[in-house]
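Student: Given next are the chains, with one letter for each unit.
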Amino acid sequence: QKEVEQDPGPLSVPEGAIVSLNCTYSNSAFQYFMWYRQYSRKGPELLMYTYSSGNKEDGRFTAQVDKSSKYISLFIRDSQPSDSATYLCAIGRGGGFKTIFGAGTRLFVKA
Amino acid sequence: DTGVSQNPRHKITKRGQNVTFRCDPISEHNRLYWYRQTLGQGPEFLTYFQNEAQLEKSRLLSDRFSAERPKGSFSTLEIQRTEQGDSAMYLCASSLGPRSRSGANVLTFGAGSRLTVL
Chain A
-6 QKEVEQDPGP
4 LSVPEGAIVS
14 LNCTYSNSAF
24 QYFMWYRQYS
34 RKGPELLMYT
44 YSSGNKEDGR
54 FTAQVDKSSK
64 YISLFIRDSQ
74 PSDSATYLCA
84 IGRGGGFKTI
94 FGAGTRLFVK
104 A
Chain B
32 DTGVSQNPRH
42 KITKRGQNVT
52 FRCDPISEHN
62 RLYWYRQTLG
72 QGPEFLTYFQ
82 NEAQLEKSRL
92 LSDRFSAERP
102 KGSFSTLEIQ
112 RTEQGDSAMY
122 LCASSLGPRS
132 RSGANVLTFG
142 AGSRLTVL
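Top to bottom, those sequences are chains A and B.
In this text, residue positions in the first sequence follow this note's numbering: the first is -6, and each later residue adds one.
In this text, residue positions in the second sequence follow this note's numbering: the first is 32, and each later residue adds one.
For the record, the hints were derived by calculation from the structure and aren't laboratory data.
Treat each hint with caution, since some may be false.
[Claimed, not checked] List time: in silico EDC-like cross-link candidates among lysine to aspartate or glutamate, alpha-carbon distance up to 20 Å: (1) LYS103/A to ASP76/A; (2) LYS91/A to GLU99/B; (3) LYS91/A to GLU59/B; (4) LYS49/A to ASP76/A; (5) LYS60/A to GLU(-4)/A; (6) LYS102/B to GLU83/B; (7) LYS91/A to ASP55/B; (8) LYS91/A to GLU87/B; (9) LYS(-5)/A to GLU75/B; (10) LYS91/A to GLU(-4)/A; (11) LYS103/A to GLU8/A; (12) LYS103/A to ASP71/A; (13) LYS49/A to GLU38/A; (14) LYS35/A to GLU75/B; (15) LYS42/B to ASP55/B; (16) LYS35/A to ASP55/B; (17) LYS49/A to ASP71/A; (18) LYS88/B to GLU109/B; (19) LYS45/B to GLU109/B; (20) LYS60/A to GLU50/A; (21) LYS91/A to GLU75/B; (22) LYS91/A to GLU83/B; (23) LYS60/A to ASP0/A; (24) LYS(-5)/A to ASP59/A; (25) LYS49/A to ASP59/A; (26) LYS88/B to GLU(-4)/A; (27) LYS102/B to ASP55/B; (28) LYS35/A to ASP117/B; (29) LYS42/B to GLU109/B.
[Unchecked claim] Using C-beta positions, here's what the derived DEER-type ranges look like: (30) ARG95/B to SER21/A: 32 to 38 Å; (31) GLN73/A to SER93/B: 41 to 47 Å; (32) SER104/B to SER61/A: 41 to 47 Å; (33) SER62/A to PRO39/B: 39 to 45 Å; (34) LYS60/A to LEU86/B: 25 to 31 Å; (35) TYR44/A to SER89/B: 23 to 29 Å; (36) GLU8/A to SER93/B: 42 to 48 Å; (37) ARG112/B to GLU8/A: 47 to 53 Å; (38) GLU38/A to LYS102/B: 24 to 30 Å; (39) LYS102/B to TYR64/A: 40 to 46 Å; (40) GLY116/B to ARG34/A: 16 to 22 Å.
Since the model is a prediction, treat every value here as computed from it, not as a measurement.
Each residue gets a CB set at the ideal place from its N, CA and C atoms; glycine is no exception.
Starting from the given sequences, assemble the full structure and let the hints guide the process.
Tutor: This is the structure:
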């Protein structure tokens, strides 16, 4: 079993739609939960960062963590064509060490 | 500071040749990571450094792979006797150290070095 499971998609939505991206993880020791966005032929860039359970909002993006079910989500409101990218969920432990990434979900937002 | 810099951006080599990639991290960051990413997959952890010390290596890092970070600044990743299965994007990232408990988990990636082994 992989430590982080993520549906690779692709996911295609019309402009303006609400997008929901999800991951599950297996080890409850992880406390830090991140979402990275990766455009084609670029390195991943940090989008959202949360610690423990709860919600965090930043503009059109909301990250949600449910540690009891080991489930993390990213919601994108009013999606734009510029949001078309691969979204990677990632988990980490306190103090750093290695960050473990999901396989990434490819998102296409059609104008 | 211009972020994490990686060179070369793309390397094409024949099977059996050696290749070396370089990474220049953000200067304030004392942690440096190497990841490998293949098509359709997320980055897979290879190794990381705290200053000049290599603290963890993945089992993915066979004895053909070696990474160094002399003086705790830039890092090199060398692959000897390349195989076609080594074709991938090699990503370097840096972060703050463990004293910044949250910052240590925030990785800043470079654009990657793409390796094609013919």
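Student: So, for every hint listed, does it hold in this structure?
Tutor: Here is what the structure says about each hint:
1. LYS103/A to ASP76/A: With Cα atoms ~10 Å apart, LYS103/A and ASP76/A stay inside 20 Å; holds.
2. LYS91/A to GLU99/B: 17 Å, holds
3. LYS91/A to GLU59/B: It holds: about 19 Å lies between the C-alpha atoms, which stays within 20 Å.
4. LYS49/A to ASP76/A: Judged against 20 Å, a Cα distance of about 19 Å means the pair holds.
5. LYS60/A to GLU(-4)/A: Holds. LYS60/A to GLU(-4)/A sits at ~14 Å (cutoff 20 Å).
6. LYS102/B to GLU83/B: Distance of about 6 Å is within 20 Å: holds.
7. LYS91/A to ASP55/B: 19 Å, holds
8. LYS91/A to GLU87/B: 8 Å, holds
9. LYS(-5)/A to GLU75/B: 12 Å, holds
10. LYS91/A to GLU(-4)/A: 12 Å, holds
11. LYS103/A to GLU8/A: Measuring from Cα to Cα gives roughly 5 Å; hence the hint holds.
12. LYS103/A to ASP71/A: Given that 20 Å is the threshold and the Cα spacing comes to 12 Å, the pair holds.
13. LYS49/A to GLU38/A: 17 Å, holds
14. LYS35/A to GLU75/B: OK: LYS35/A and GLU75/B at ~16 Å, within 20 Å.
15. LYS42/B to ASP55/B: 17 Å, holds
16. LYS35/A to ASP55/B: Roughly 16 Å separates the two Cα atoms, so the pair holds.
17. LYS49/A to ASP71/A: 17 Å, holds
18. LYS88/B to GLU109/B: Holds, because 14 Å separates the two Cα atoms, which is no more than 20 Å.
19. LYS45/B to GLU109/B: Holds: LYS45/B and GLU109/B sit about 15 Å apart, inside 20 Å.
20. LYS60/A to GLU50/A: 18 Å, holds
21. LYS91/A to GLU75/B: 10 Å, holds
22. LYS91/A to GLU83/B: 16 Å, holds
23. LYS60/A to ASP0/A: 19 Å, holds
24. LYS(-5)/A to ASP59/A: 18 Å, holds
25. LYS49/A to ASP59/A: 12 Å, holds
26. LYS88/B to GLU(-4)/A: 17 Å, holds
27. LYS102/B to ASP55/B: Holds, at roughly 12 Å.
28. LYS35/A to ASP117/B: 19 Å, holds
29. LYS42/B to GLU109/B: Roughly 12 Å between the alpha carbons, so the hint for LYS42/B and GLU109/B holds.
30. ARG95/B to SER21/A: 32 to 38 Å: 35 Å, holds
31. GLN73/A to SER93/B: 41 to 47 Å: 42 Å, holds
32. SER104/B to SER61/A: 41 to 47 Å: Cβ of SER104/B to Cβ of SER61/A: about 43 Å, so the range 41 to 47 Å holds.
33. SER62/A to PRO39/B: 39 to 45 Å: This hint holds: roughly 44 Å between Cβ atoms.
34. LYS60/A to LEU86/B: 25 to 31 Å: 27 Å, holds
35. TYR44/A to SER89/B: 23 to 29 Å: Since TYR44/A and SER89/B have Cβ atoms about 25 Å apart, the given range 23 to 29 Å holds.
36. GLU8/A to SER93/B: 42 to 48 Å: Hint holds: Cβ distance 45 Å, inside 42 to 48 Å.
37. ARG112/B to GLU8/A: 47 to 53 Å: 49 Å, holds
38. GLU38/A to LYS102/B: 24 to 30 Å: Once the Cβ atoms are compared, 28 Å apart, the range 24 to 30 Å for LYS102/B and GLU38/A holds.
39. LYS102/B to TYR64/A: 40 to 46 Å: The hint (40 to 46 Å, Cβ to Cβ) holds, given that LYS102/B and TYR64/A are roughly 43 Å apart.
40. GLY116/B to ARG34/A: 16 to 22 Å: 21 Å, holds
Checked against the numbered hints given earlier, this structure breaks none of them.
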